[in-house]
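As they're listed, the protein sequences go chains D and C.
According to the working numbering, the first sequence is numbered sequentially starting from 1.
According to the working numbering, the second sequence is numbered sequentially starting from 303.
Warning: the hint list may mix true and false statements.
[Claimed, not checked] Simulated crosslink set (EDC-like; lysine to aspartate or glutamate; CA at most 20 Å straight-line):
id, chain 1, residue 1, chain 2, residue 2
1, D, 257, D, 204
2, C, 398, C, 873
3, C, 828, D, 282
4, C, 618, C, 708
5, C, 806, D, 282
6, C, 341, C, 393
7, C, 799, D, 58
8, D, 52, C, 873
9, C, 806, C, 816
10, C, 704, C, 609
11, C, 799, D, 282
12, C, 704, D, 54
13, C, 801, D, 58
14, C, 801, D, 282
[As the list claims (entries may be wrong)] Interface residues of chain C toward chain D, partial, derived using beta-carbon atoms under 8 Å:
id, residue
15, 368
16, 650
17, 667
18, 669
19, 700
20, 789
Derived by calculation from the structure, the hints in this document are not laboratory data.
All C-beta atoms, glycine included, are put in the ideal place defined by N, C-alpha and C.
This is what each chain is made of:
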Amino acid sequence: MRTLIIISQTLLLIALAPLLSGVIRKIKNNIRMRKGPGILQPYYNFFKLLSKDEVISENTSWLFRAAPYVVLSSTVAALLLVPAAPFGFGMDLMGDFIVVVFLLALGRFFIALAGLDAGSAFGGMGSSREMFLSSLVEPVMLLAVFTVSINSGSTNLSAVYSAPYLRLSSLIAGVALFIAAIAETSRIPVDNQETHLELTMVHEAMVLEYSGKSLALIELASHIKQIIFFTLIANILFPAGAMLAGPALNLVLFFIKLLSICAIVAIIEVSIAKMRLFRVVDFLSFGFVISVVALLVSVMGF
Amino acid sequence: MNFLKPNFSLSFDPLSSFFVFVILLISVPSAVFSVGYMKNQYSGKKIALGWVLLAAFVMSMAAVVLVKDAFLFLIAWELMSLVSYFLVIFDSEHAKSIKAGVIYIIMTHIGTAFIIAAFMMIFKYAHSFDFAAMKQACAVIPAAQRDVIFLFLLIGFGTKAGIVPLHIWLPYAHPQAPSHISSIMSGVMIKTAIYGLIRFVIMILGVNTFWWGNLILILAAVSCLVGVMYALMEHDLKKLLAYHSVENIGIILLGIGASMVFSVLNMPIPAALAMAAGLYHLINHAVFKSLLFLCAGSIYKATGLRDMEKLGGLIKTMPWTAASFLVGAMGISALPPLNGFISEWLTFQALFSGALYGTGSVKILMGIYAAVLALTGGLAAACFVKAFGITFLAMPRSQAAKEAKEVAPSMIYMTGFLALMTVVLGLLASPVIKILSRVSGYVLSADVSAMSVSGFSLNNLVVMPLAGTYLSSPLIALALIVVSGVALGLVLLFYGKSKVTVDKTWGCGYYNLDSRTEYTATAFSKPFRIAFSFFYRPYHKKEKIRDSYYHVKSMKYETSITPLFKKYIYDTVISRVFGTANFLSRMQSGSIHFYIAYIFATIIVLLVFMNRF
């Protein structure tokens, strides 16, 4: 029963994942006074890409073909662990909060290798930068996870989710996790999802050689990764009490939380310029400092 | 003279058995690998010599972990160092090998000197070199002397283990040896130092001082970061792997140091967990590091190259070596569900449970160590994307790489076997932890046996008793396979097999791309070089060779980093030593009168010394 709930909850989140990207894009366009595509556009893109033929570089190996599946499956596996509304538990027997971080690393490892596989400088540059940024993100994320877990006495995600009351340190850790999420979902000011040109050249450059079905899977994985982060933040920033409200209200609360995170991300994206790659180091160091602060506050007992 | 009547019996307690298992697990595949590797590479006589040395090397390592007598331990230890020295200079026609050998033998003897000094200090109380007698005697040694003994043991074994800043010999010596020896040296020999630390510091000396574990933790954290950061800048495949050994020794010591801290703080379960995590990472590192070294050996055999910048595209010509290397790279980058992931996860859990039950500063320190471990993991993953991507993917960057052929089956089987072990140690996490927690329970003795240490694992679940956390690597593997399968199935079901056009890589509409336009290892590591320039102190040199003012014919670009430890510590020490020696050489005046005066002065000093002490 529990497994069934987890699987259906995961499927729901997968189905919902592209919507978030659509919503963010819609909000951005509204702020910029543009009309822009509808919020369902990511779905259209996904199905369009699925029915397209592929062009593959002659330099690539089997790894290039396999990478999209590894990325998708590792991301979905990470999603399985994440507790979401209405019931608030994930596949605890499989792993914990830390495993989520490791599973995302698995997908990243393969997509970065695939970026190098075609032998173009675009892909290489993208891979190099992606690995560079993610290695800086990892301590931020893990220390935030560590703090939240200390607060709830366990790294078990369901335990984290059902923590009885909200603590200041969890809030601060949530902010640190938010900074990590911006970097990991390639949002401004770290990266820009809308282009692969020189200024950004991180994630989009890395997957430049992909087309058709493979690209569809990679984009789906990116959407799922985004919803993982947003769900985690939603459950850390405003975790408590939600469980007490009952499943229906809980679900509504969950959507409101996701929507507000989308709005915040969109507002940040339109109001800040993309940072130079080496300024991002400062940005992420700032994130690290915040997560250290979260740990200190947690040790102080708040 | 007690030490002349050593106790020749061998001990097969859980700790020794564990280490013997690790030694054999790595040595046997490496030995089989060497059959194919040494063929055609060396003359018949040299191959015979290689076998003799290899056998002596493995036996001396086994002796190190099996003896029950410190005197015999020293003999075995010294034998191991000497034999491995001969193996480092096995390719003695290269000047580099000789230099590496000299650095190695000096460093290792400095280490041994400290170990001997520590043993002597214990002997003064124990009047015997027998482990049991030493253990009893250590209880009565005054605290200040215990601290000194601990520091001596740490320096002595730390030199062999390659912890920063004593790692200096490791990136020279390990790559210079033949690959199967590098594999044993990096995989097992440096682990004997960990054995030494566990046996002599934790079991014989006994940890009751808070700062000992903390010192080890700090050194471990520094080793992790320094090792992986130098590895990122390294483009010699074997040297890169050698620097990763420094990093991984750091990770192992994070577990062991945390265990020491927790046992002083009287937290037996986190202590046992941390010890098990360290030991788990030890066997994991042995497996994937020797796998990677053997693969590097296969590449060297096939192409004659170790420089990544000249390799590339090997995944097509050497598919089996590539697959094994990929598994090893995933293991060392701690990717689920392979073995490195399990042990790093356990280390995180150990740090976490320490933080959970520790107070104030312990909480914060454990958090910081966890962050260091996370950063290390991220950098290691980046490093192995570089190592695998540049070496195996895209187009070959030299003629030798283009003409590479897959190596002999016996070599492939051995790398394949170690790759299999990497997977198995990941999937069978639960039983392995059960065994390891028995070892760690034995090491930490009575405190733990009361609490059920075996509670760490159920059927095929890893359970953290304090944190209420589970981990199941088979379940993760299953999830990965099922999701991939379902995705593939759905795509094929609804959209069929897509028409795939194979064409040239997109070159922005310009001419064809060739291997010269590929991304290089230097370029890959550039962001790291810039962001961590405070540590690397990079040096660039750009030179344009022109036909005329308007036409640049070719460009030369050189970049290197400043080896901080060598420049600021070792070079200083060496220059001081030589300076002092020069200064002292004035004493050698050639006049016999002076020499008689020296002898007389020495006798006076000795008499005073004997009288005083």
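Hints, verified against the model:
1. D/257 - D/204: violated (28 Å)
2. C/398 - C/873: holds (18 Å)
3. C/828 - D/282: holds (17 Å)
4. C/618 - C/708: Roughly 10 Å separates the two Cα atoms, so the pair holds.
5. C/806 - D/282: At roughly 38 Å apart (the allowed maximum being 20 Å), residue 282 of chain D and residue 806 of chain C break the hint.
6. C/341 - C/393: The given pair, whose Cα atoms are some 14 Å apart, holds under the 20 Å limit.
7. C/799 - D/58: holds (19 Å)
8. D/52 - C/873: violated (62 Å)
9. C/806 - C/816: holds (10 Å)
10. C/704 - C/609: holds (14 Å)
11. C/799 - D/282: Roughly 46 Å between the alpha carbons, so the hint for residue 799 of chain C and residue 282 of chain D is violated.
12. C/704 - D/54: violated (27 Å)
13. C/801 - D/58: holds (15 Å)
14. C/801 - D/282: violated (45 Å)
15. 368: violated (36 Å)
16. 650: The hint holds - residue 650 of chain C has a Cβ within 8 Å of chain D, the shortest such distance being about 5 Å.
17. 667: This hint is violated: residue 667 of chain C lies away from chain D, its Cβ roughly 10 Å from the closest one there, beyond 8 Å.
18. 669: holds (5 Å)
19. 700: violated (14 Å)
20. 789: holds (5 Å)
When held up to the earlier numbered hints, the structure conflicts with 1, 5, 8, 11, 12, 14, 15, 17, 19 and fits the remainder.
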